[in-house]
Amino acid sequence: EIMAYLQPKGVLVMARATQLCTCMRGSHKKEMTTLTEALRGELPLERIGNLRNMTS
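In the numbering used here, the protein residues as written are 5 to 60.
There's no promise every hint is true.
[Claimed, not checked] Computed beta-carbon distance windows for the label pairs:
| hint | residue 1 | residue 2 | range |
| --- | --- | --- | --- |
| 1 | P12 | G53 | 17 to 25 angstroms |
| 2 | A21 | G45 | 20 to 28 angstroms |
| 3 | Y9 | T37 | 27 to 35 angstroms |
| 4 | R44 | R20 | 14 to 22 angstroms |
| 5 | L24 | E46 | 33 to 41 angstroms |
| 6 | R51 | L24 | 31 to 39 angstroms |
| 7 | Q11 | T38 | 24 to 32 angstroms |
| 8 | E41 | E5 | 14 to 22 angstroms |
| 9 | G53 | Q11 | 20 to 28 angstroms |
Just so you know, the hints here were simulated from the structure itself, not pulled from any lab data. Predicted model only: the values in this text are computed from it and were never measured. Where is the CB? At the ideal position from N, CA and C, for every residue including glycine.
Turn these sequences into a full structure, and let the hints steer you where they fit.
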């Protein structure tokens, strides 16, 4: 497991995806995306906010 190997104090993973079912039906709109976040360990709230702003 990567967490055991790197031993970080905290990790934030963000994944943005376009839903394939809407694209295949032809109803795809540019702004239709899904954002998923997972936070493990400790991260300062200020740092989390900065990371979220980078992906906007």
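Now for the hints, and whether the structure bears them out:
1. P12 to G53: 17 to 25 angstroms: The hint (17 to 25 angstroms, Cβ to Cβ) holds, given that P12 and G53 are roughly 19 angstroms apart.
2. A21 to G45: 20 to 28 angstroms: With a Cβ separation near 24 angstroms, A21 and G45 satisfy 20 to 28 angstroms, so the hint holds.
3. Y9 to T37: 27 to 35 angstroms: 31 angstroms, holds
4. R44 to R20: 14 to 22 angstroms: Holds: the Cβ-Cβ distance is about 19 angstroms, inside 14 to 22 angstroms.
5. L24 to E46: 33 to 41 angstroms: 35 angstroms, holds
6. R51 to L24: 31 to 39 angstroms: 32 angstroms, holds
7. Q11 to T38: 24 to 32 angstroms: 30 angstroms, holds
8. E41 to E5: 14 to 22 angstroms: 19 angstroms, holds
9. G53 to Q11: 20 to 28 angstroms: For Q11 against G53, whose Cβ atoms are near 24 angstroms apart, the range 20 to 28 angstroms holds.
Violated hints are absent here; each numbered hint is respected by the structure.
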